[in-house]
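Peer 1: Line order of the protein sequences matches chains E, A and X.
Numbers given in the working numbering equal positions in the first sequence, counted from 1, plus 170.
Numbers given in the working numbering equal positions in the second sequence, counted from 1, plus 10.
Numbers given in the working numbering equal positions in the third sequence, counted from 1, plus 66.
No lab work stands behind these hints: they were computed from the structure.
Ideal Cβ placement from N, Cα and C applies to all residues, glycine included.
Be a bit skeptical, because a hint or two may be false.
[What the hints assert, rightly or not] Listing some non-contacts, in silico: residues in chain X with all C-beta distances to chain A over 12 angstroms:
1. A68
2. P70
3. D75
4. A80
5. E95
6. R110
7. E113
8. E138
9. F143
10. P153
11. K170
12. P171
13. D175
14. Y184
15. L186
[Stated by the list, open to error] Among the chain X residues that face chain A by a calculated CB cut under 7 angstroms, a handful are:
16. S77
17. L78
18. L79
19. K82
20. S87
21. A94
22. I151
23. R158
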Amino acid sequence: MSHAWLSSPILAQLNSGVIVIDDEYQIHYLNAFIERHASVQLSEVQGKSIFSVFADLPEAWLKRKLMSVLDLNTPAFSSWEQRQYIFKLPHLRPITSSSQYMAQNCSMLPLVSDQTDQPLICILIEDATDAFVYQQHLSKTLIELERANRQDGLTKVLNRRYWEEQLKQEIHRAQRYHHPLSLILFDLDKFKDLNDKYGHLGGDFVLIQLASFISSLLRDSDLFGRYGGEEFGIILPDTGLEGAVEVAERICQAVAEYPMLFNQQTIRASISMGVAELLPKQHLLHDDVIRCADMALYNAKRAGRNRVCSYLAGETEYQKKVN
Amino acid sequence: MSTLGFSEEQRDCLQEIINVAMGLASDKLARFLNTFVHLQVPSIALVGASHIPAEFENRYQDTEAALVSQGFFGNEGVRGEAIVLYQMENAHKISALLGYEVGDVSEIEMLTDISSILTTTFLNGLADQIENSLSYSAPRVLSSVKGDMSSLLRNTSFHWEHALKVDISYQLVDHSFNCDMILLIPGEAVTNIQRILDRILEDY
Amino acid sequence: MALPVLICDDSLLARKQVRKSLPESFDAEFQTAGNGLEALTILRAQEIGLVFLDLTMPELDGIGVLEAIKAESIDCFVIVISADIQPEMKKRVMELGALAFIHKPVNEDKLHSILKQYGLI
Numbered sequence: 171m172s173h174a175w176l177s178s179p180i181l182a183q184l185n186s187g188v189i190v191i192d193d194e195y196q197i198h199y200l201n202a203f204i205e206r207h208a209s210v211q212l213s214e215v216q217g218k219s220i221f222s223v224f225a226d227l228p229e230a231w232l233k234r235k236l237m238s239v240l241d242l243n244t245p246a247f248s249s250w251e252q253r254q255y256i257f258k259l260p261h262l263r264p265i266t267s268s269s270q271y272m273a274q275n276c277s278m279l280p281l282v283s284d285q286t287d288q289p290l291i292c293i294l295i296e297d298a299t300d301a302f303v304y305q306q307h308l309s310k311t312l313i314e315l316e317r318a319n320r321q322d323g324l325t326k327v328l329n330r331r332y333w334e335e336q337l338k339q340e341i342h343r344a345q346r347y348h349h350p351l352s353l354i355l356f357d358l359d360k361f362k363d364l365n366d367k368y369g370h371l372g373g374d375f376v377l378i379q380l381a382s383f384i385s386s387l388l389r390d391s392d393l394f395g396r397y398g399g400e401e402f403g404i405i406l407p408d409t410g411l412e413g414a415v416e417v418a419e420r421i422c423q424a425v426a427e428y429p430m431l432f433n434q435q436t437i438r439a440s441i442s443m444g445v446a447e448l449l450p451k452q453h454l455l456h457d458d459v460i461r462c463a464d465m466a467l468y469n470a471k472r473a474g475r476n477r478v479c480s481y482l483a484g485e486t487e488y489q490k491k492v493n
Numbered sequence: 011m012s013t014l015g016f017s018e019e020q021r022d023c024l025q026e027i028i029n030v031a032m033g034l035a036s037d038k039l040a041r042f043l044n045t046f047v048h049l050q051v052p053s054i055a056l057v058g059a060s061h062i063p064a065e066f067e068n069r070y071q072d073t074e075a076a077l078v079s080q081g082f083f084g085n086e087g088v089r090g091e092a093i094v095l096y097q098m099e100n101a102h103k104i105s106a107l108l109g110y111e112v113g114d115v116s117e118i119e120m121l122t123d124i125s126s127i128l129t130t131t132f133l134n135g136l137a138d139q140i141e142n143s144l145s146y147s148a149p150r151v152l153s154s155v156k157g158d159m160s161s162l163l164r165n166t167s168f169h170w171e172h173a174l175k176v177d178i179s180y181q182l183v184d185h186s187f188n189c190d191m192i193l194l195i196p197g198e199a200v201t202n203i204q205r206i207l208d209r210i211l212e213d214y
Numbered sequence: 067m068a069l070p071v072l073i074c075d076d077s078l079l080a081r082k083q084v085r086k087s088l089p090e091s092f093d094a095e096f097q098t099a100g101n102g103l104e105a106l107t108i109l110r111a112q113e114i115g116l117v118f119l120d121l122t123m124p125e126l127d128g129i130g131v132l133e134a135i136k137a138e139s140i141d142c143f144v145i146v147i148s149a150d151i152q153p154e155m156k157k158r159v160m161e162l163g164a165l166a167f168i169h170k171p172v173n174e175d176k177l178h179s180i181l182k183q184y185g186l187i
């Protein structure tokens, strides 16, 4: 028994588009899926060029694909991942997708027909909108995940692990291109007292406020991270010691003049800052630069806090005596 | 070529069919690209799929390389996955020949197009000779990242028992283009292929 | 009288295919060679009327065989049957004195018409 009668109802029910064209791009057939989605009638478009019926087609691109199908007698493919759609058709999920057009996987297949000697191509169009939507959610989630992975949860500046990675890279870059590089380490003065007076919520509030305030004072290229507890670090690419000290002085002063309102109380805080410049011959590891900045920070504390100290070349230990 | 249960006659038959398929593919490609394509006789080997990563990791480890996979299936239980491996610099050469311009299409689309053309022209030539016909799934790019070729090959070849390696070297007039093609086939497909080869051998 | 014919191809299948493609009326005495060196040994020792020659073979390829035939003035017809379809290769083969260049897989009609053209059938 012949099953030929089956093809017609199946083509009408098929949840994929089927378009058959010849080697002059004229439409021989399209199924109900295409008729309904594109609002065309086979009887009206039969014999017309596919490029005139679907005016939005990427003509040069599609012709090259179709040419390879005809010349090589092999199939050609297009995936929504590279080209979201070929035929601009609306999809049926208007709310879940950010795109208004159906994402498509298309196959272009050489057809052999016993009816005609003219070469034919069957274009199969599968709706891939679901995959497209999932992919979009996934990429969005991945971006968020990556951000979370490098952000400090409380203050939203870089976390220590990521900040240290950046420091290593910046040191590498500075050494390779002979650019200056400076580092600021700073510490919130008497943070324990703040916590005692305003509670841990108050302490956290101060950290969040200051981190955000100091971020606003920095250049885009500066890398601001939380080193631990109430200690932070700022990497200043392309900046020598003098420039870094200037930045630090400015921040130090601005923080001291920055009132923070917490539970109807004004909190004032100050910071002590240590500045060090990368010395290419001495600082081989990122730890070495951190150690120098830390020494300077210690000296700033010892010198009475709310100030900036810079590391002097040759200094090898913490000053025992405050100047 | 390790025989993997293939008799010398079957091996000879397969090699000849592949040679001719290459010739047919090169003829089509030459006409399509409007340039002259020379195909060297591909060397073939049938190996356990688990050996594939080790075989190729050296060649592709320190270079930017791409791996494109495309499934094929035909009558009489002929089915498998064709993998085309190439170094990206080679891919750029052929993309220029195919008429792609930089920024014209994405690199991934270019790779899938090239691979699909190479794979399907070759496999169609092969299928014609054994009086079979093949359908293909859409090609997928599995990687174009530096250094992780062996793990990708491991993951890809994991599901298959056997691999038919076909070293392909395309030389075009002013360019040369090398790539490797691996046909990964399931165990029962080997038996099916042997049956087909035997039938061809009986005919002659 | 049967024509002494040499079929030279490294593939057994290909040798069988050539033989099968020949018309039944073709009266020939067949010998086979698996590479160019084997072919030359036979060509130097015996009178061979017609050679079906593959190009890509181990030891000595078809081009090498054609060159030797030319250099040593061995008297025989050569029809090249190859999967290697380069136009340049065809040109070279014809320059070296081959009667014809046939693509694999062998098209019987083409082969027969060539044999007819040269009065071999």
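Peer 1: A separate judgement is required for each hint: does it hold in the structure or not?
Peer 2: Status of each hint after checking the structure:
1. At roughly 21 angstroms, the least C-beta separation between X/A68 and chain A is larger than 12 angstroms, which holds for a residue marked as non-interface.
2. Separation of X/P70 from chain A is adequate, the least Cβ-Cβ distance of about 22 angstroms exceeding the 12 angstroms criterion.
3. The Cβ of X/D75 does not lie farther than 12 angstroms from every Cβ of chain A; its closest approach is about 8 angstroms, which violates its non-interface assignment.
4. Against the 12 angstroms criterion, X/A80 falls within the reach of chain A, whose nearest CB is about 5 angstroms from its own CB.
5. Under the 12 angstroms C-beta cut-off, the non-interface status given to X/E95 relative to chain A holds; the minimum distance is some 19 angstroms.
6. Distance check on X/R110: its Cβ is at least 27 angstroms (rounded) from any Cβ of chain A, clearing the 12 angstroms threshold; non-interface status holds.
7. The claim that X/E113 lies off the interface holds: its Cβ sits roughly 27 angstroms from the closest Cβ of chain A, which is beyond the 12 angstroms cut-off.
8. Every Cβ of chain A is farther than 12 angstroms from the Cβ of X/E138; the closest lies at roughly 27 angstroms, confirming the non-interface assignment.
9. Every beta carbon of chain A lies more than 12 angstroms from that of X/F143, the smallest distance being close to 23 angstroms; the non-interface claim holds.
10. Listed as outside the interface, X/P153 is inconsistent with that label: its C-beta sits roughly 7 angstroms from the nearest C-beta of chain A, within the 12 angstroms cut-off.
11. The non-interface label for X/K170 is inconsistent with chain A: the shortest C-beta to C-beta separation is roughly 5 angstroms, within 12 angstroms.
12. The beta carbon of X/P171 sits about 5 angstroms from the closest Cβ of chain A, which is not more than 12 angstroms, so the claim that it is off the interface is violated.
13. Separation of X/D175 from chain A is adequate, the least Cβ-Cβ distance of about 17 angstroms exceeding the 12 angstroms criterion.
14. The claim that X/Y184 is not at the interface with chain A holds, since no C-beta of that chain comes within 12 angstroms of its own (minimum 25 angstroms).
15. Consistency note on X/L186: stated as away from chain A, and its beta-carbon is indeed over 12 angstroms from all of that chain's, at 21 angstroms minimum.
16. Hint status for X/S77 relative to chain A: holds, with the closest Cβ pair at about 4 angstroms, below 7 angstroms.
17. About 5 angstroms separates the beta-carbon of X/L78 from the nearest beta-carbon of chain A, less than 7 angstroms, and the hint is met.
18. The interface hint given for X/L79 is met, as the beta carbon of that residue sits about 5 angstroms from the closest beta carbon of chain A, less than 7 angstroms.
19. This hint holds: X/K82 has a C-beta 3 angstroms from the nearest C-beta of chain A, less than the 7 angstroms allowed.
20. Given the 7 angstroms rule on beta carbons, the hint for X/S87 is violated: about 10 angstroms separates it from the nearest Cβ of chain A.
21. Look at X/A94: its Cβ only gets to about 17 angstroms from chain A, farther than 7 angstroms, so that hint breaks.
22. Because the beta carbon of X/I151 sits about 5 angstroms from the nearest beta carbon in chain A, less than 7 angstroms, this interface hint is met.
23. The restraint placing X/R158 at the interface with chain A is violated, with a minimum CB-CB distance near 12 angstroms, outside the 7 angstroms limit.
The structure is inconsistent with the numbered hints 3, 4, 10, 11, 12, 20, 21, 23, although it conforms to all the rest.
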